[in-house]
Amino acid sequence: MEIMGIKTLRHFRGRFEQQNTAVPLGGLDQVRSSLKDMLQLPLVYPETLMSLGLSCPRGVLLVGPPGVGKTQLVRNVVREVGASAVVVQGPEIVGARPGESEEKLRAVFANARSAAEEGPCVLFLDELDSLCPRRTGSTAAENRLVAQLLTLMDGMDQTQRFLIVGATNRPDSLDPALRRPGRFDREVIIGAPTQQQRRDILCVLWEKIPVCSSVNSEELAQRTVGYVGADLSALCREAAMNSIRETAKGSGEQTVTMKHFTEALKTVGPSCLRSSLGKTEVAPVSWDQIGGLDSVKLKLRQSIEWPLLYPEAFKRLGLSRPRGVLLYGPPGCAKTTLVRAVAASTHCSFLSVSGADLYSPYVGDSEKALAQLFRQARSCTPCVLFLDEIDSLIGCRTQGAGSSSVQTRLLAVLLNEMDGVGLKTDERRGERVLQAEGELHEQQELDSEEVCNSEVMVVAATNRPDALDSALLRPGRLDHIIYVPPPDQESRLCILKLCTKSMPVSDDVCLEELAQKTNLFSGADLQNLCKEAALLTLQEESMEASSVQHKYFLKSLSKMTPSLTAQQIHSSHNPHAECEPFREE
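Per UniProt numbering, the very first residue in the sequence shown carries number 1; after that it's consecutive.
No lab work stands behind these hints, which were simulated from the structure alone.
Accuracy of the hints is not assured; some may be wrong.
DSSO-like mimics (lysine-lysine), calculated; alpha carbons at most 30 Å apart, straight line [claimed, not checked]:
(1) Lys-497 - Lys-299
(2) Lys-531 - Lys-559
(3) Lys-36 - Lys-208
(4) Lys-299 - Lys-259
(5) Lys-497 - Lys-555
(6) Lys-266 - Lys-315
(7) Lys-531 - Lys-297
(8) Lys-551 - Lys-297
(9) Lys-517 - Lys-555
(10) Lys-555 - Lys-531
(11) Lys-208 - Lys-259
(12) Lys-297 - Lys-208
(13) Lys-531 - Lys-517
(14) Lys-517 - Lys-497
(15) Lys-559 - Lys-501
(16) Lys-266 - Lys-297
(17) Lys-368 - Lys-297
(18) Lys-266 - Lys-36
(19) Lys-299 - Lys-501
(20) Lys-517 - Lys-551
(21) Lys-259 - Lys-315
(22) Lys-315 - Lys-297
(23) Lys-497 - Lys-551
(24) Lys-208 - Lys-299
(25) Lys-299 - Lys-315
(26) Lys-36 - Lys-297
(27) Lys-315 - Lys-368
(28) Lys-531 - Lys-551
(29) Lys-259 - Lys-501
(30) Lys-297 - Lys-555
(31) Lys-555 - Lys-501
(32) Lys-501 - Lys-517
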């Protein structure tokens with residue numbers, strides 16, 4: 001006999017206390033009450049159910065993203081109903097040799113049955129998707145393990161006070177046979193926390209942290225869109241570490257202030273966006289940093305910012321949120337920068353993708369990536385989903401592209417996602433309880449909020465609006481179509497003032513003259529003009545030059561050609577006649 005290791009009584013006592021100590025969970029009171037009702041009746045009063053001719057439910061499935069608190073919720077509820085718990089992680093069951101996994105699973109069920117003879121018992125199978133994946137495309141060992149679990153669940157005695165609770169964050173990966181009546185009869189879906197739930201979670205976490213009274217939980221909950229309980233816990237931990245670092249430098253009393261949380265937000269982000277496609281972080285841009293375009297800014301704020309910041313006013317006046325916004329205009333006229341300013345002003349999640357992020361050489365991968373992108377956006381609502389250069393991503397079906405082209409298939413997926421056809425059951429906020437037969441059981445006290453596309457604002461940008469399919473421009477998809485014009489003389493003057501704000505210029509510099517001489521220059525051209533003038537100053541004078549003179553602006557201007565042409569501006573402002581539904585706001 002070989003001794004593999006030594007585990008003392010203190011080890012088991014500490015592990016037992018850790019698993020059986022109730023941990024307060026903020027924002028999950030409603031789903032906790034629902035789960036408690038599901039477990040209490042079959043565990044405590046099985047005879048009453050059987051006397052009424054009702055079969056006791058055998059299993060409950062918890063569905064939710066990672067870090068939302070599924071495991072700790074089950075432990076707390078099991079403790080409240082007075083039952084014992086047998087907790088098993090899915091990967092612990094999987095063995096190396098043939099038949100070992102099934103043997104371990106039978107031993108776990110035998111242990112739970114013996115515990116049920118002494119009192120109510122709950123067998124908790126965490127990470128169920130790793131234990132019972134879909135049998136289509138799985139290995140023979142995985143198929144045998146799924147079949148073994150189905151056999152054990154079908155053989156459960158109705159008279160025993162024994163119930164199975166499974167938890168997963170990938171319900172689509174489970175074998176469908178597990179989710180039929182007689183096995184996992186009920187499904188409790190826990191979505192990403194709403195703003196009120198995030199506030200409740202923060203209040204619970206702050207009970208153990210010396211948080212300054214000036215910290216506004218409502219403001220912090222608004223700035224943590226897409227954060228789950230584990231993310232908020234990591235955020236508070238990082239803020240506390242920032243406070244400790246300051247205290248170690250001798251800066252005063254050890255309290256966590258709003259400054260510490262602001263610094264922590266830069267390093268701790270929502271876990272739902274860590275593996276997302278495209279860009280999730282952009283440099284913050286304010287409206288004041290964009291010169292001119294006042295009418296465009298107002299339309300964007302009305303279309304995107306107002307519905308997100310003032311939903312009560314829209315509801316009171318019977319206004320519906322727009323589904324999408326299309327920005328079109330010549331290149332280099334701040335379309336992308338405008339979207340970045342919207343995302344920064346609303347404090348919502350931001351996803352930005354282009355064709356390079358979605359296209360794949362494998363058939364079907366591009367469509368799958370686009371659908372996954374919408375699922376990620378719905379998991380961290382409210383969210384701005386920015387499709388840059390949408391004309392290169394999705395073309396027009398009337399331009400000779402065959403039905404098998406990637407662009408045509410991507411267009412079909414995009415239309416389905418924007419219409420809400422692709423919504424899945426688990427893509428929701430708050431909590432819901434589902435019957436196994438598919439009937440939605442909605443309790444009055446359950447404050448649930450469907451994740452529909454009203455909280456996902458799709459913003460697209462293009463400089464070739466005539467290349468877009470007309471189906472994408474119909475009402476209900478890209479509702480608001482906004483033309484971003486090239487800067488006029490007044491706008492060019494505003495842009496030049498912004499570009500030279502951080503640049504020391506001589507008193508002889510006349511920005512009005514430069515604005516007059518830069519016709520057909522885009523905002524990007526004007527920014528490049530200022531850079532070229534500064535570089536020319538260093539070249540002509542020396543590295544000790546302290547200011548940029550007007551003559552260097554004129555020399556740089558004489559060497560530059562505008563990137564825009566009159567024909568290009570005309571074609572972008574007046575799209576091709578084939579795009580008949582095109583309407584400018």
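Could you work out which of the previously given hints the structure breaks and list their numbers from low to high? Checked against the structure, the hints that fail are numbers 4, 6, 8, 12, 17, 18, 21, 24, 26, 27, 30, while the rest are satisfied.
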